[in-house]
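These protein sequences, in sequence, are chains A and B.
Residues 1120 to 1813 in this note's numbering are what the first sequence lists, from first letter to last.
Residues 18 to 471 in this note's numbering are what the second sequence lists, from first letter to last.
Hints were generated in silico from the structure; no laboratory data involved.
One should not assume that every hint holds.
[What the hints assert, rightly or not] Here are some chain B residues pointing at chain A (derived, C-beta under 8 Å):
#1 241
#2 243
#3 245
#4 312
[Unchecked claim] Pairs of lysine-lysine residues, derived as BS3-like cross-links and limited to a Cα-Cα distance of at most 25 Å, are as follows:
#5 A/1535 x B/211
#6 A/1688 x B/191
#7 A/1172 x A/1198
#8 B/320 x B/286
For clarity, every value in this text was computed on a predicted model and none was experimentally measured.
We treat Cβ as the ideally placed atom computed from N, Cα and C, and that holds for glycine.
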Amino acid sequence: MTEALESHSKETSITALSEQERDLAQNALIEFQKGTYSVCLSYLNKLETLRPKDLKVMHNKVVAEYYKSDLKKTELIKKSLKAICGHMSIPDSSEAMDDVEKCVMRYNEAVLLYHTKQYNAALQIMNRLFTFIEPMEESLAHKVCLLLIELHIVTDQPDAALSLLNYIESQFISIDSSKISVTDKEGPIKPIKELKEQKKGSADAATDAFRIKLLKFKARIYLMMHQLKLCKREWKTLISLGTPVNISSIFLKANLEYLRGNSKKAMKIMNSITTENLEFKTCGESAAVLYYNNIACLYHSMGKPNLACFYLQKALQENKNAMDSVRVKDNDPLSCQPLYTLGGNRHYELMYSLGVSLLHAGQAGKAFDCFTEAAQGLHNSPKLWLRMAECCIHFHKSTNEIDFNIPKRRKDLVQKVLGTGLYRKIILASSLSKDTKYDTEGLSYAIPQPTLEFGMLCLKNALFLLPVNNELNLPMTPVAGPQTVSMSLTPGHALGGQHATQVSQATAVEAINLKASVLAASAYVSLCLGDYVIALEHARALLNMNKLSGAYRLLGNLYAAESLIFMDKINEAIEYLKPENIQDLSTYLPILETLDKDKEKTEETIVTPIGCKAYYPTSLPTGKAVLCYNLAVAYAIRGELDKSGETLKQVWMSKGPDCDIPIQVIMLALYIELQLGHADVSRSIIKQHCPQYR
Amino acid sequence: MTLAPKDLANLLDILDDENLDTSLENLSNQLHQAFPKEDNFKVGTALLLLLQHIDLLPNHVQRVMAVALLFDLYRGEPLASTPFATVFVQVLKASEETTNGASRPNFVGHIPVLSQCEKNLLAHLLSYNAKETMKKSPRQIIDELYFASTPPIDLTNLQLQLAERHSELPSVAKCGNPIILPDMDRSKMAEIDKTTGRSIAESLIIGDPPLCSQSYRPEFLRLAPPLYHSANELTWMNVTEPSQFTVEYDTSMCVSNCAGAEARRLMGKAFKSVLSLQQQQHLVTELDRDPKLVYHIGLTPGKLPDLVENNPLIAIEVLLKLMQSSQITEYFSVLVNMEMSLHSMEVVNRLTTTVDLPTEFVHLYISNCISTCETIKDRYMQNRLVRLVCVFLQSLIRNKIINVQELFIEVQAFCIEFSRIREAAALFRLLKQLESGDIGGLNGPPTKNKIDMC
Chain A
1120 MTEALESHSK
1130 ETSITALSEQ
1140 ERDLAQNALI
1150 EFQKGTYSVC
1160 LSYLNKLETL
1170 RPKDLKVMHN
1180 KVVAEYYKSD
1190 LKKTELIKKS
1200 LKAICGHMSI
1210 PDSSEAMDDV
1220 EKCVMRYNEA
1230 VLLYHTKQYN
1240 AALQIMNRLF
1250 TFIEPMEESL
1260 AHKVCLLLIE
1270 LHIVTDQPDA
1280 ALSLLNYIES
1290 QFISIDSSKI
1300 SVTDKEGPIK
1310 PIKELKEQKK
1320 GSADAATDAF
1330 RIKLLKFKAR
1340 IYLMMHQLKL
1350 CKREWKTLIS
1360 LGTPVNISSI
1370 FLKANLEYLR
1380 GNSKKAMKIM
1390 NSITTENLEF
1400 KTCGESAAVL
1410 YYNNIACLYH
1420 SMGKPNLACF
1430 YLQKALQENK
1440 NAMDSVRVKD
1450 NDPLSCQPLY
1460 TLGGNRHYEL
1470 MYSLGVSLLH
1480 AGQAGKAFDC
1490 FTEAAQGLHN
1500 SPKLWLRMAE
1510 CCIHFHKSTN
1520 EIDFNIPKRR
1530 KDLVQKVLGT
1540 GLYRKIILAS
1550 SLSKDTKYDT
1560 EGLSYAIPQP
1570 TLEFGMLCLK
1580 NALFLLPVNN
1590 ELNLPMTPVA
1600 GPQTVSMSLT
1610 PGHALGGQHA
1620 TQVSQATAVE
1630 AINLKASVLA
1640 ASAYVSLCLG
1650 DYVIALEHAR
1660 ALLNMNKLSG
1670 AYRLLGNLYA
1680 AESLIFMDKI
1690 NEAIEYLKPE
1700 NIQDLSTYLP
1710 ILETLDKDKE
1720 KTEETIVTPI
1730 GCKAYYPTSL
1740 PTGKAVLCYN
1750 LAVAYAIRGE
1760 LDKSGETLKQ
1770 VWMSKGPDCD
1780 IPIQVIMLAL
1790 YIELQLGHAD
1800 VSRSIIKQHC
1810 PQYR
Chain B
18 MTLAPKDLAN
28 LLDILDDENL
38 DTSLENLSNQ
48 LHQAFPKEDN
58 FKVGTALLLL
68 LQHIDLLPNH
78 VQRVMAVALL
88 FDLYRGEPLA
98 STPFATVFVQ
108 VLKASEETTN
118 GASRPNFVGH
128 IPVLSQCEKN
138 LLAHLLSYNA
148 KETMKKSPRQ
158 IIDELYFAST
168 PPIDLTNLQL
178 QLAERHSELP
188 SVAKCGNPII
198 LPDMDRSKMA
208 EIDKTTGRSI
218 AESLIIGDPP
228 LCSQSYRPEF
238 LRLAPPLYHS
248 ANELTWMNVT
258 EPSQFTVEYD
268 TSMCVSNCAG
278 AEARRLMGKA
288 FKSVLSLQQQ
298 QHLVTELDRD
308 PKLVYHIGLT
318 PGKLPDLVEN
328 NPLIAIEVLL
338 KLMQSSQITE
348 YFSVLVNMEM
358 SLHSMEVVNR
368 LTTTVDLPTE
378 FVHLYISNCI
388 STCETIKDRY
398 MQNRLVRLVC
408 VFLQSLIRNK
418 IINVQELFIE
428 VQAFCIEFSR
438 IREAAALFRL
448 LKQLESGDIG
458 GLNGPPTKNK
468 IDMC
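The following block holds chain A by itself, in its conformation from the complex (with noise of 0.2 Å):
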């Protein structure tokens, strides 16, 4: 049926266009524009007698009485233009007509599913809207272009967020100033200047105020994608095209110092914030929701996470505040509250943070029912299962530290002594570490508890969700940010769904750290439990991958050694602990900068791990010493005392200021005099170390 009205409607915009018409037509718009919807109905309802199949009529009846009900019944909106204008029709160059004429209901269909976060299906939609951008009235074409750079940035997809606002700036914003010819490899930095010097002669206010909510999306993607010094440029820009300074450019700003290290500053620039203010009711967004955000983002970078905890938790009472304003009890939002509102809820991403900064502050306990909460919404994000991970690691182990405290943990050589006289037994420990076996209670896994049994099921999500082309070859030369766009044939080349041809140095460096961070996690949690020939698996996935920092380097042949040791292959393991393995103890690849190309060199961004507190092992004779002890037990468990004691007399030796060696050094020394015969030797090397058993 609706094909029969479509194909009806053609002909009749085409042909038949009476007087009366166009004017109740545009009676309705002025009404529309004013703002009285009731007025703007009654003509409308007029036209839909004269007019009873046309499509536009019809959407714009069905906008009108939206408005009219101030954006609440968006159900009801959403219903009617699927009525009116069907599916989007699959793309086919027959059809490309008919989409032009319905780029408005198409815009709106994907306005509605942006505000209910069912951003991939409005991304389907505005991708398709951008390939007729060139023949929308310009107004819309803006709209269109924000709204799609919008989506692309909410999804995560900054490199192709950029590609895309690149290309919609030579294309709109240059489209007076003389075009730009193809070849030109200056790229868009240049109409900006441009259209800077030309700007008092053409005063477009539209295209003006287009140009600078695109600066600031630039600026955004630039701050996702870590180019500092890029974003820096734009921001001046942005400044000095006299834009007001206002809450939107004081966070802008406050990031980038935030990213660069400032916390200080930053937090001087978020507390110059002065009247303004952003009511959730009426802007969608809560001006005091992302003000404390950002402020417990600011303490976690100093490392203060109890402070950031706090002001996230305030920050979600704020959140909580804003959703009650707007709220109609026991009604669905989709039918009482305004469309900008529906997407605005923070709730979830809130408490991811708080989960995070709670787990820097070492309450894994608490930050593992934030990140269960935020699971909920969250539950797409490979980060979230491994925090989760995390928790239940930190709950079996929450320090490396301790082991390489001798004066501390030397009494633990020793369970306890019995008798006394001819009966006095010194009882040595079994072992020295936290045994775990599997649960054998009962317990389903699959219930969210801190245990490692759980943290295995949600590595598994983490690996199943991580990003898929993330071993693509990180450019160590990182290409100059604006260049990112394809420019082989004509821009319009890089689109259609594919803007991103080459992904950015931040998404990579970004997505490596994270892989890695799975990998290291789901091998030791697999050893753990006594999973051996996985551990096995994703220790070598591990050492696999292309680029890795030195610390889960270590790691990675430290877990597969021991599954190979386990799985009785010495040899093998062996050849894992070999001490030239390590190189250095980083334990994540820094993202580099991006300076402007004519400086040939690129730039370490000088940010200090934010909020984190320092990995165990800190120094590099410590982790070889590790490895080194390790290696002293894969040849005592071989039987080569011999050895093993002389292996274990190294790392014995290189004990320093700037090296620690673990407590599990006496316990295999004990070992190793033992099984050698030498009771007389163990037993004074106990009295030695446990003076409380002289």
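Position chain B against the provided structure of chain A, taking the given hints into account.
Same frame as chain A, now just chain B:
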């Protein structure tokens, strides 16, 4: 996993030195009656512990009993497959070594230190008639074997069998060391006290898991991984202005578009037949007036070939207007792949002289032309096309639109293949001139319009 306290008491009762004159066989029967078969291992572990620690079982008689009971624990089963066979072998081997002079240190954790008499008993049990030996009472055993020397005994076979069984176990399972380390304080020579011994034995044997069955194995140091480090640990929130995206009113409702309708009608015609000069001019002026009109006249990449064939001039105008469009590549690729003709060539030629076309596109078009010339069957048409292509290429080269070097081989081969045709020979000469660095040819009269010659 552990003996109950009352079981241990039972065991110790059987081992009591008052049973001095009961035959070993009898004692063993008592043991088997007191404990079900599945407890054998626990009992054996307890016996072994008592043998390992002389202070817990100081009495000769008791030790003799313990050795015999341990030996007889798994009676009826092949010795090599019983869990404590290794103990017997190690005890006897150690004694061999000491007699051979290779002095082993006084204490090796898990191997019980047995007296000569006890070793002799073991040797008898292992090699001679075990049944006969078992019939004797502990007192008899001590009397007979106390001063005897250990009879030579061949354990090779048993050792082999044990070694075979052990090779099936992973190294990690074989490297354990008991965690009980005796530390006799000889300075305070306290007398043997039965009850103390008993309570110590109890605390070693009873427990879950009992201390006597625990062992220390070389332990890997397993580092926990670091917390994941992300560039955005906590998500910073910027202002996103969600209210800027809202439902839009379609302002194009009932807005008449007469000019557009006429243009659309003409375009529809242009796909099918040649337009009159007047009609063409009308269409072009309409297109010039409204830069967005070009998108509304019903042109799609699929329809472009028809337009090119029927109205090349309109096609050129339209394509020039679409240069900024995102669809232009699609139009280009249609143009490249359409059947080669005078009109398509004319369109491409005009485009090359007015806008910067992507080089890939031009190269693709040339390759396409050449291959069409080579494959065409009709001789007359072939000649015509070759001449056209040659003139087209000359024009491109002279206008410096293409860099000949990139297509040199292809074009040269083309010229040689069709050297019979005058224009091809001319193109070949031009190529040679260029190769020799003589650019004079390029400064000749502009050949822009030569394409009209055919």
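Hints versus structure:
The beta carbon of residue 241 of chain B is positioned within 8 Å of a beta carbon in chain A (closest approach about 5 Å), and the interface hint is therefore held. Checking residue 243 of chain B against chain A by beta carbon gives a least distance of about 4 Å; that is within 8 Å, so the hint holds. The interface hint given for residue 245 of chain B holds, since its Cβ lies 4 Å from the closest Cβ of chain A, which is under the 8 Å cut-off. At a threshold of 8 Å, the smallest CB-CB gap from residue 312 of chain B to chain A is about 3 Å, leaving the interface hint in force.
Taken as a hint, the residue 1535 of chain A and residue 211 of chain B pair is honoured in the structure, with Cα atoms around 22 Å apart against an allowance of 25 Å. Note on residue 1688 of chain A and residue 191 of chain B: the hinted pairing holds, with a Cα-Cα distance of about 14 Å set against a maximum of 25 Å. For the hint linking residue 1172 of chain A to residue 1198 of chain A, the alpha-carbon distance of about 18 Å falls within 25 Å, and the restraint holds. Annotation: proposed proximity of residue 320 of chain B to residue 286 of chain B holds, straight-line Cα distance about 12 Å (limit 25 Å).
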